[in-house]
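Keeping their order, the protein sequence lines are chains Z and C. When we follow the numbering used here, the leftmost residue of the first sequence carries the number 24, and every step to the right adds one. When we follow the numbering used here, the leftmost residue of the second sequence carries the number 224, and every step to the right adds one.
Warning: the hint list may mix true and false statements.
Derived EDC-like pairs: lysine to aspartate or glutamate, alpha-carbon spacing no greater than 16 Å straight-line [claimed, not checked]: (1) Lys-120(Z) x Asp-399(C); (2) Lys-249(C) x Asp-490(C); (3) Lys-123(Z) x Glu-550(C).
If the Cβ cut is set under 10 Å, some of the chain Z residues that face chain C in the computed set are [unchecked claim]: (4) Ile-57; (5) Leu-59; (6) Gln-98; (7) Asn-101; (8) Ala-102; (9) Val-135; (10) Ile-160.
Just so you know, these hints were derived from the structure itself, not from any lab. In this text, a Cβ means the ideal position worked out from N, Cα and C, and glycines have one as well.
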Amino acid sequence: MDKARNQFITNSIRIKNEEIFLKRESILSFDSKIDLSQFLKDSYKKLALRYPKYHKMDSLCKLGILGSSVLLRSQHFNADTALVFSNASSSHDVDMKHVKSMESIVSPAVFVYTLPNIVLGEISIKHKLQSENVFFIEDKFNADLLVDYSETLLNSGKASSVVCGWIELKNDQYDVLLCLVSNNGEIPFTKENLEELYRFENE
Amino acid sequence: MDILLQEDSIISPLGFSTSENIKAMKAGNSGLQFHENLRFQNGGFYAGIIEAALLADNFSIIGDATKFTKLEQMMLLATQSVLNNNQLDLSETALIISSTKGNIDLFGNPQNFSKDRAKLNSLAKIIQEFFGFKLKPIIVSNACISGGLAVAISKRFIQAGKFNNAIVVAGDLVSDFVTSGFQSFQALSATPCKPFSKNRDGISLGEAAAAILVSNNKREGDSVSLIGDASTNDANHISAPSRTGEGLYKSIQQALKESKLSASEMDYLSAHGTATIFNDEMEAVAFNRAALAHVPVNSFKGFYGHTLGASALLETILTKHSLLNNELYPSLNFEELGVSKPLNIIQKIEKKELKTALKTASGFGGCNLAMILKKSFNG
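Using the sequences provided together with the hints, build the complete structure.
In structure tokens, the structure reads:
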């Protein structure tokens, strides 16, 4: 039997335009003039994250830690919860910092973040997930790929649940949707439902 | 359902086809040479770099080299060579692209190209349009396991019935971006890298493109299938390997479980073996935990250097040919064992009946990958 038919979008988080939504409900919003680094700092405080490593991370990882921490708070999930992430701009936000530093002194603390999947590593450490990870690059949000690939992991037993989504950061503009997919919940894990959760904030 | 690893191609400093590469390897040639570079106090570094003029010359048979970046030329050539030997319907063949940094140096120095060309989406589109693939390319960028993970992903999609054939293409360059970064880490070796050796002192970078057809269509004769695959994150550190080899160990266990084979049935182990102190030690620990200490093992990094997002595909292709040729290839530059656990390092070419192999890879972000390959005869 197709196990994925029993999979649901258990929880979802959306981060965009100085606002954080949990299951479509706004839980935090800031003045539109707040810049990226202040947004990341203030959100950390307001959400009471208590994870000092956060401050060392690049912005993409901060977005991932913010998102996954709120998403997984008081949720049941196993260590084999897979991470299936995607975006369009890879790690180019921090890549540009490294490119600028190449003319003078290069910092290993910056270089280490110049891969898109580092955010998967940071999330795995924070939530103790020893699981399947993949980072896909897409020109725009692609619910088909996220659902299709997550289903292969769930159906083959390579993961018991999945956190999948989109984590884009370009020119200090961020656009994040992360979903916890498990056999718990009411919203069936379909392309249409995932697409709708992504479109929601744009309405 | 058997998932077969079929036609393949390698573009590297050792040659522009898989057979040229294997021939060069058997002759003991290495792609690693000293290249002048002002970033280094001693005037340069050892790396496996493809000669641009030679590449352009080869590329001119299929296209105008001035219109494509070096990496694009490499990946297009690799793909062309796989397509040449197949009657594939490109309206239903998947294209899976794998790279860590793509054309990243175009960001700082766009040459005659647009800055947009630095993006992995642009790289994928160029390969798609050059050949006329109809399906949207899938791009995997998962550090140094990317090329192998892309093969595992193609298998998983074929098993799920999404398509029957996938061309997996991987490529990365020795970019100034990556060279400066690894140098800042003090991770680059002063000599050609020496995986698993006592006096190893870091990696050598390399560049390569590789392509393979992954298919569920049976062929006559000997073929190699991917029968188990798993990837597990260490959840330990984003740049340092786990001291217990946890993620790699778990990946190996999961892949073996899927293949229904045991560690004692592995004839050959193709390791990641980057030649950093910590990586090689981590692998030795994981292999010993997995009861693989006796299995003949090599790292291909002494021949190619670390080709990043291409490495796990390049080495999977070489592993496949090891099985088909019944040949074990040496771990080049190996001297005296320098890890805390025993390993059976291959030191010279050996003819041996081979049926099964384990390919592993690990990368930044704490990712690990294990794949089980099996040779079978279809009469």
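How the hints compare with the structure:
1. Lys-120(Z) x Asp-399(C): holds, 14 Å
2. Lys-249(C) x Asp-490(C): violated, 20 Å
3. Lys-123(Z) x Glu-550(C): violated, 47 Å
4. Ile-57: Since chain C brings no Cβ nearer than about 28 Å to Ile-57(Z), farther than 10 Å, the hint is violated.
5. Leu-59: Leu-59(Z) check fails; min Cβ-Cβ to chain C is 20 Å, beyond 10 Å.
6. Gln-98: violated, 17 Å
7. Asn-101: violated, 13 Å
8. Ala-102: holds, 8 Å
9. Val-135: Holds, because the Cβ-Cβ distance from Val-135(Z) to chain C comes to roughly 5 Å (cut-off 10 Å).
10. Ile-160: At 4 Å from the nearest chain C Cβ, Ile-160(Z) passes the 10 Å test, so the hint holds.
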